[in-house]
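K.L.:
Put together the whole structure using the sequences plus the hints.
Here our numbering is used: the first residue of the sequence shown is 1, the next is one more, and so on.
FYI, nobody ran anything at the bench for these hints, they're computed from the structure.
Mixed in with the good hints there might be a few duds.
[As the list claims (entries may be wrong)] With a straight-line Cα cutoff of 30 Å, these simulated DSBU-like cross-link-like pairs (lysine-lysine) come out: (1) 80 to 4; (2) 4 to 88; (3) 78 to 12; (4) 88 to 78.
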Amino acid sequence: MLTKLLLPYRLKFIGLALLLPMTLLLILSGVYEYELLWLTWNGFRKPGDLFYGSNENFTYEFAYIGTFLSMFLIAFSKEKIEDEYIQKLRLDSLLLAFYLYSLISILGTLVFYSFDYLLFMGYNTFSLQLVFIIRFRWVMYRQHETLALI
1 MLTKLLLPYR LKFIGLALLL PMTLLLILSG VYEYELLWLT WNGFRKPGDL FYGSNENFTY
61 EFAYIGTFLS MFLIAFSKEK IEDEYIQKLR LDSLLLAFYL YSLISILGTL VFYSFDYLLF
121 MGYNTFSLQL VFIIRFRWVM YRQHETLALI
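P.N.:
Below, the structure is given as structure tokens:
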């Protein structure tokens with residue numbers, strides 16, 4: 001993985017700062033139908049449209065995009081020291097994440113296809129980044145722990 005394609009190191013902290021509030025907002029808006037008033041668009045659809053005129057709230061979409069972007073910033077920011085070993089860990093973690101994403105997508109299609117398939121696929125978009133972040137950070141932690149013992 002070319003390091004010039006990675007984001008700057010400082011963006012990882014912005015992603016970490018945004019991850020918890022955006023994930024909480026995603027859960028609140030998805031499960032409890034919580035809405036932020038400033039994200040309501042009055043007259044989003046005109047009364048003559050195919051669907052009736054309504055006020056639309058974009059809290060769920062805002063939280064979804066915010067969670068996705070925060071995980072993106074965490075996953076694809078450089079490390080403080082970026083060397084060949086870190087690049088190999090990134091590549092291995094990305095490969096494992098893609099394998100699990102494919103497996104989850106196939107199993108989810110078989111299990112959820114006629115039920116809440118769209119909701120499942122929406123949440124499944126996070127699995128690739130989540131598995132990558134967890135595996136990469138776990139291996140980095142184990143490596144740091146091993147080096148501390150030497």
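K.L.:
Hints first: check each against the structure and report whether it holds.
P.N.:
Checked hints:
1. Annotation: proposed proximity of residue 80 to residue 4 holds, straight-line Cα distance about 14 Å (limit 30 Å).
2. Restraint check for residue 4 and residue 88: the C-alpha separation of about 15 Å stays at or below 30 Å, so the hint holds.
3. Under the criterion of a C-alpha separation no larger than 30 Å, the hint pairing residue 78 with residue 12 is consistent with the structure, at around 8 Å.
4. Of the supplied pair hints, the one linking residue 88 and residue 78 holds, its CA atoms being roughly 13 Å apart against a limit of 30 Å.
Consistency note: the structure conflicts with none of the earlier hints.
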